Amino acid sequence: MNVTTIFILHGLVYAGLLFLVSSGLTLVFGMMNVLNFAHASFYMLAAYFSYSLLRWTGNFWLCLLVCPFLLFVIGALIERFLLRRVHVFGHLHELLLTFGIAFIISEVVKWVWGTAPLPIEIGGFLDGNVTLRGVIYPTYRFFVLFCSILIGLLMSFLLLKTRMGITVRSAVDDSEMVNALGVNTPRVFMFVFALGAALSGLAGVISGPLLSINTGMATAILVDAFVVIVIGGFGSLIGAVVASLMIGQLQSFGALLFPKISLALIYLLMAIVLIAKPSGLFGEKK
Amino acid sequence: MKKDSKAIQIWGLIILLVLFFLPLVARPYIVNLLTEMIIFSLYAVSYNLLLGFGGLLSFGHGMFLGLGAFTAGAMLQRIPGLPFFGAVFLGTLVATLIGLGVGCLLLRHKGTYYALLTLAFNALFYAVAIKWHAVTGGDDGLPVKRPNLHLGFVQLPMSDVTVFYYVTLVVIGCAVLFCWYFTKTAMGKTVLLVRENEERMQFIGYNPAASRMILFTLTAFFAGLAGSFYALFFKFVGVDAIGIDMTTTALLMTFIGGTKNFFGPVLGAGFYIYFQNFLSNLTDRWPLFMGILFVLMVLFAPQGLSGLIRSLVDLFRKRENGKATPKEVHPSGE
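Quick mapping for you: the protein sequence lines, in order, are chains H and F. Using this note's numbering, the first residue of the first sequence is number 1, and each one after it goes up by one. Using this note's numbering, the first residue of the second sequence is number 287, and each one after it goes up by one.
Heads up, some of the hints might be wrong.
As the list claims (entries may be wrong) - Below, a list of computed lysine-lysine pairs in the DSS-like style, where the Cα atoms sit at most 30 Å apart:
1) K396/F <-> K546/F
2) K521/F <-> K260/H
3) K417/F <-> K260/H
By construction, these hints were calculated from the structure, which means they are not laboratory data. On a predicted model such as this, the values are computed, not experimentally measured, just so you know.
Same shape as in the complex, but just chain H:
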């Protein structure tokens, strides 16, 4: 019983991280039709930033605020000065550009921080354990879960209740029409791209103490995030939530029940979903 609970919690925590990364990815794809290969690099970059900042200041809460903001700025700059330039060449070039950026970021990270995995110690009250109905579980994992739920709620509020959210949602649906109606869509694109980078960065910061910080972390979560948005359907936020939960549980129980083939399970799930419903669970057929 206890083991089951712990593994469900493990799955939920990973689902939370995955949601933070894939929500930005799916929104950017829905709007700009660009699969952003650099998205997970933002995640990795933020994790390394938080490592340095933590060594410098020793304050984890500061990292939690500053790093996503830095990534917001980096994301906005990349969209404004690189991605927008190649927009005229078509989607393939945009995709290749993000790919090149991902390549550069991963090399810069190796250069600056080295290839060895870095440990991260946060201390404070987050470092302990919580006993909940007989199950001992690290406080930090609850914190990760709490963060992702909070961000999820905040995002759904922004998207569903504010004017900006309406603009973003309609741009996901049909960006040309929104542009024709007098909205500055390039600016909306830039904002969403930057916001996605910031969310990915936040996920990177909170993943640091949970998983180790290493140079392979971007690729690892990128493939999972791609699977999430394929299963959930491109451009669908609710799809990202559901698919993240599925992948999280599958990862967690796959490692428990079938350790040999746990890696293959998520691809199997993706294959099944694509055969049954090629546009994903919540995607619209275009």
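Model the placement of chain F on the given structure of chain H, informed by the hints.
Quick look at chain F alone, frame taken from chain H:
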């Protein structure tokens, strides 16, 4: 256009002659570099058949190179006395069969779904390569011994750099030329037209899904062939051979060379290998410069090196001909 094809023929002949006679004068280091370039040329050309001709962006091409390499390596280890071309044959066969299987699953998809699915398959095979320690050696990799080549009456010592170079040149060169021939056949044209207007091809009575699958299997075949030679050349196969980075390499080579021209990827592969060797002598951070070069090319030279050469040639002709032949100044298409 006739002038172009004549120029291409002459240049092709010159390059073939250089490739043929160079090992007689060059150092073994250069010969090895050339061998590597030739092997990766086929890999990049097969990738460009997908990307440039089929319009299919794949992130899983590395798995076929890796499958070919691992099969050839593992079979040489397990079957004593397996001849040189036996290993090449088995490596290519396994890559082709898996290409056929994966192609069947992918044929309905295109665009981003296609790219993501190929990525997922590549990740799957990478995971298998790491976990299946008994066959692939896992993280340690797989040492490969290079058997000698028996040609009936004569035995060629394959440990000799120059001999291996010539065998590679003949086999891989023929494969590259076959790819070129393929683009000229009816099947090759069908693939091209499906990329341009799939709906219309369907109306005329072609089956786009089938031609996509044939193309995919064919490229898997050639990548597998390149992979078998990769294993025999390096005498070692690590998990890098099947990783995402290997696909990245194909993409970089193809894009640097240019996707619009058949021989662009050959140029790209040669340039990539040379640049990599040149940079890795200077700095350990060569992938960073490769990445920066790639981004710069996406930004400023989206047609790749072959596109750059093309526009230089056009510029030169424009100056040479003056106003005499205004028709040639504006090339159609693009």
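If any of the earlier hints don't hold here, list their numbers in rising order. Result: no hint breaks.
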